[in-house]
Amino acid sequence: MRAGRARKVRTLGTARHAYPLWFYLPAAVLFLVFFAIPTFASFYFSLTRWTLFDQEFIGLENYIQFFREPQLYQSFINTLIYGFVTSGLKVVIGLALAVLLTSALVGRNYLRSVIFFPVLVSTIGVGIMFKALLDPFDGVVNGALETLGITGPGWLTDPDLALLTIAGIDVWKGLGIACLIYIAGLVAIPQEYYEAARVDGASKWAVFKSITLPLVKPATGTVIILSLIGGLRSFDLIWATTGGGPGFSSDVIGSVIYKQYQAGFYGLSTAGNVVLFLVVTAIMVPISLMLNKREIEQ
Amino acid sequence: MNPSPLRRRHLSVAAASAAAAALVLSACSGGGSEDGSVEITFLSTSDEDNTALAEALIEAFEAENPDITVNLDGRPGGTEGDNLIKTRLSTGEMAEVFNYNSGSLFQALNPDQNLLDLSDRPWADSLTDDFVSVVSTDNGLYGGSYGSSFAGGIVYNGAIYEELGLDVPESWDDFMANNEEIAGAGYDPIIQTYGDTWTSQLFVLGDYANVHAQDPDWAEQYTAHERFYAEEPALAGFRHHEEAYESGYFNENYPSATFEDGGSMLAEGTGVHYPILTTILSSIRFNHPDAVEDMRFMAIPADDPQYTSATIWQPDGLYIPNTVEGEQRDAALAFVDFVTGPDACSVFIEAVNPTGPYVNGCELPADVPPLVQDVQSYFDSGNTAPALEFLSPIKGPNLENITVEVGSGIRGAEEAAENYDRDVENQARQLGLEGW
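As they're listed, the protein sequences go chains X and W.
Under the working numbering, the first residue of the first sequence is numbered 1, with each subsequent residue one higher.
Under the working numbering, the first residue of the second sequence is numbered 1001, with each subsequent residue one higher.
Same shape as in the complex, but just chain W (with noise of 0.2 Å):
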């Protein structure tokens, strides 16, 4: 998910100020060291969701540890964020604690030159092999864990499915078999919503679990520019999202409509397939709090049933800068340990849904609603692989648009999948791999 996109990019006012209330009472209340107390400051972006959480959590922090105060630092989501961080990082200005993208833009931010190493913290041995290989270089492991893990694939109204009699379908010709009977009833069978570029990119993004049940080597060889977009199995996903296109099967406002705008149509019913992210449904339960148990999830059916798989993308890393030093590290590093240690699993799970299991340890209570059960039946099936920017640094800054193109009928899916190919190759040659 390079540069971000596919993280939720609206900002709120309220938001924003609520985090700048919250800077100010903190910065009265603020008091020396000499008694003792500590201050330091956790970054964090300032969508209403993510404040919220990190407000909850900051509290039941200093509960257990009065001594320490943590202020809280909003940030800008999206690429604009991903710039701050790194000059703020450059300039030896970052918070003690920020929160960020584990994956490919993790690796961006030069870890074993700017990061304190959290090896020997006593959480590291409850986190997943696939968390750690994200937060990690070969020198060591930097990075807490930040929410729970999300899905990728197709969001669908579960009451539309039982009131038409569907059942999920395992293949690519199944899935539009079921469009053709949804279309037939009326609805829109799947949402699109290039308003917000960042959510075209599900089809190929989300099917890079069925292209890894292929061939578990494509990352690695793609890598190390020996394999392409524009060569099967990868090209699939383009393909599919022009036949989705060419099917007509689209809502009408698709070239203007919202990521909201999408949620809404799933949660009303008006549309039924919405390929997207699971974290959908933390917007869904708070516009439409109804519609959280109709929210169901599948993976984007492969060609042949047998490799269709969930792609799954791994939570944010909790991060120090290793300039932070003496009992500022200290205070940070508590913080980390408890935000990922188990303490505060009941505060992730009352602040925000769990969009998929956790990676710490953490257990998701029993009563998760049917989307999350979904993503879970995945996994306990084995049918789940990791997102591509979780295996591969390679991501072009310009699949948004290439696959806005496809979803536009403005190019083929077979032309935009070579433009991507050539569109990688910026990001190749900045991060110095080799063979490009």
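For reference, chain X alone in the conformation it holds in the complex (with noise of 0.2 Å):
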């Protein structure tokens, strides 16, 4: 032990740097000046009752009156709903989607681009763009379902489906990446546990059961965490679509802070802002360990 410590110290204290430490400066203000000051500055305001004109200590009193919003529970259930929803569709039609796209498929590599497509186009405008092919009354989704003879729901206007609606607009939006991930971690699998399978009979469900499944387990990781955090933390699509109404039903952590900033409750917000990161960080970090735990034990 001790003489680990003391090689280590030596190392660290003669070894060989590749470059001068002073070649790090540049990197390290850059970090310190937008990142490091931001951060901590932005936890201090937290304590604050700033107008942006001047700030008074307040302690945290910002933090009680975050959790008093009467909508802040309804919006923290909504958070959950929809960042569980869009990670568990995005895995599982993604993975689907990713199975029919590494298989010989006529035109996979349109198909492919058809899928990846949406990720390229900004969420605002995909947001105002589904805002008007759902409208009730002009929309264009409507309309096709009318010469069906459907009526079709307020999408985005019902308060019982805005916020699943969205979803699947984020869903939609987000699938290409989801897929992309499946594609390079189907890839990688080797073929011969594939052509084993088949010499032994196997059905092709016990195929995907019992070898795809578990071999694009990393891959399900990374999906996961990925649309996870997103969907935790989303706010740009909700208010594209319905600013999180139709009155609160469809609103998260991060449209609740976003009004508070609307508002001028500057401390407020960025106290606000501080919870959804502990919130993001308490829900994730356990996940992830536990994903990676699996990984390793593989």
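In case anyone wonders, no lab produced these hints; they're calculated from the structure.
Just so you know, not all the hints are guaranteed correct.
[Stated by the list, open to error] Here are the simulated distance ranges between beta carbons:
id: 1; chain 1: W; residue 1: 1246; chain 2: X; residue 2: 64; range: 35 to 45 Å
id: 2; chain 1: X; residue 1: 149; chain 2: W; residue 2: 1409; range: 24 to 34 Å
id: 3; chain 1: W; residue 1: 1186; chain 2: X; residue 2: 284; range: 52 to 62 Å
id: 4; chain 1: X; residue 1: 146; chain 2: W; residue 2: 1224; range: 31 to 41 Å
[Said to hold, decoys possible] Here are a few chain X residues that sit away from chain W, every Cβ distance over 12 Å (derived from the structure):
id: 5; residue: 23
id: 6; residue: 111
id: 7; residue: 268
id: 8; residue: 287
[Said to hold, decoys possible] Quick look at which bits of chain W chain X covers, simulated, 3 or more residues with Cβ under 8 Å:
id: 9; region: 1110-1116
id: 10; region: 1131-1137
id: 11; region: 1143-1155
id: 12; region: 1251-1262
id: 13; region: 1372-1378
id: 14; region: 1425-1434
Glycine included, every Cβ here is placed at the ideal spot set by N, Cα and C.
Mind docking these for me? Both chains are given alone in their own frames, and the hints should help you get the complex.
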């Protein structure tokens, strides 16, 4: 133990750096100015009553106030629903599509690009487009349903439906990334396994269940982590489509914080951001540890 | 009208580019100051009506003051604009002159710290007391006036009233009886447009004059955290909104219709009553000029007819940051003097429809549309009160969403009013008011 530490110290002290230390200086300054200082400043401002003109230190009052928000509970539940629904759908549909798109399919590359295309479009643009498409009265979607004799619902204006509709749009938009990760995971599985299974006479479902599914687990972990983080701190798509409405029915923590900024409660909403950061961390760290542990066990 | 929900928000590309063009042009023509000329910037909202108005005012001002060039700079409306104003003021980057809300939003600018005191200007005495009180602090008067006042209540289609032989309702029950007849005749009795959420607040905000008529101290006690929306008389606004929803009198597309749609329904006569601000007249004049003469105004009826009165919003103020100095300060003062003084009256009246009386001594022209005459008649009979935002600094940011909940049947009136009482706590604490 002692020897180990001594060796460590020595290597640190005498290690020959590839570059002189001051080469790191520009990067360190950038990191400090654009990352470290703002982060600590926001922790500080979350403890103040801050009007942009002056600030007053009020301790934890903003946090108390934030948790007293009447809409907070609902928006917290909505955040969880949104995060887990989008993440779950991206895993299931993403894997299904990836399996389809790695099989011998006519126009495979074309279909891959079709599925990836929505990823390239701006989220706000997607939101505005879907808002127009899903308008209950002039929208194309309900217009099409009407020709089939179906009265379409108020996709974004029905309080029971709004959040799930947005989750659906989010899945449509983000599926390309999930699919891409899965395709990478699938092509990395050695063909020998499949050949061996085929020789043994395994059914397609058995092959999928016993070979494909276990071997894409690392990819599944990546998809879950990426989409869950994205879902929990989602804001832009919700803001562009419903603004959290009707009423508060599609509000998530992100939109509650934004509304506080809008109202000029800068200290309060900064406190909200700190809370959001802690919530996302509290959910993601155990999940990511769990997923990584399984990966190592394999 | 705190987080400026009751301001027209649509941003027109045309208006923005016009403002940009104006900037470029004036930048080209801007000479040096060696010949005694001065250049200042006027920051104003960049919606269509307002850009046209600002350009007309600048043109008239420059004709009288050839040495001064005024550049027009546009800003977004709504809360985005509020943040822009605060940021530019706090960083000392504000334009020499800017227009902005009066009342509670104005107080949030820390006027004593940031704005130039204008109490010695020649027009100061011509302002109405109501307006002076919403652009002043204990230490000074900070705002010139920018346009006419306007009312909030029910804008209705007078032609249909005439066709059905209806009288203007004095009480809420009369109003609902009228709605029943209107529905029977095949029109939509009440227009609601939750596509623009701010429009949902009028049942509550427009009802304030009725609250004030029953209890003139209500606003003061509300600010002191002694009165609540969850109790009468203020609860009536929420209650009426709920009743209106439950009666099924709304236009079918109310969840997604917008402010402009509401104007069209009113002008085309498919809908009859629209609880909204009288500023909608500008939009109707722009899109449906033939319908202007049919547009009428009534206050939101109280339960008891003796209290029915019209809620009045004060115009925006025109402000100068106190960081402006020297000849630019003189030029900025000259511009504010011109816009607030009598010389600009005709420019205002030509460029935009007045939607209520002016606050700086400008006379309304004799041939104002019937809607403006209706507003004036409430003034003449003394049945008006300022909107709550001019009497109290407290306005919760979520009122528009809370009223959408009431109007969509998501939540009942009492629960919504309680939620609103909790929502305003943030604002009161932010302002550091006592008793919260």
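Outcome of the hint check:
1. Between residue 1246 of chain W and residue 64 of chain X the Cβ separation comes to about 37 Å, which falls inside the hinted range of 35 to 45 Å.
2. Hint check: residue 149 of chain X to residue 1409 of chain W, Cβ distance near 27 Å, so the stated range 24 to 34 Å holds.
3. With their beta carbons about 57 Å apart, residue 1186 of chain W and residue 284 of chain X fall inside the hinted range of 52 to 62 Å.
4. Range check, residue 146 of chain X to residue 1224 of chain W: Cβ separation about 55 Å, and the 31 to 41 Å hint is violated.
5. At roughly 35 Å, the least C-beta separation between residue 23 of chain X and chain W is larger than 12 Å, which holds for a residue marked as non-interface.
6. Residue-level check passed: residue 111 of chain X sits 34 Å from the nearest beta carbon of chain W, beyond 12 Å.
7. Listed as a non-interface residue, residue 268 of chain X fails to keep its Cβ farther than 12 Å from every Cβ of chain W; the least gap is roughly 6 Å.
8. Even its closest Cβ contact with chain W, about 32 Å, leaves residue 287 of chain X beyond 12 Å, as expected for a residue assigned away from the interface.
9. Beta-carbon proximity to chain X at under 8 Å applies to 3 residues in the region 1110-1116 of chain W; the threshold of 3 is reached and the given coverage holds.
10. With 0 residues having a beta carbon nearer than 8 Å to a beta carbon of chain X, the region 1131-1137 of chain W misses the requirement of three or more and the stated coverage is violated.
11. A stretch counts as covered by a chain when three or more of its residues have a beta carbon under 8 Å from one of that chain; for the region 1143-1155 of chain W and chain X the count is 0, and the coverage is violated.
12. Chain X is given as covering the region 1251-1262 of chain W, and this holds because 4 residues of the stretch bring a CB closer than 8 Å to a CB of that chain, at least three being needed.
13. Counting residues of the region 1372-1378 of chain W whose C-beta sits closer than 8 Å to any C-beta of chain X gives 0, which falls short of three, so the coverage hint is violated.
14. Here's how the region 1425-1434 of chain W fares: 6 of its residues keep a CB closer than 8 Å to some CB of chain X, so the rule of at least three is met and the hint holds.
Taken one by one, the earlier hints fail for this structure at numbers 4, 7, 10, 11 and 13, listed in ascending order.
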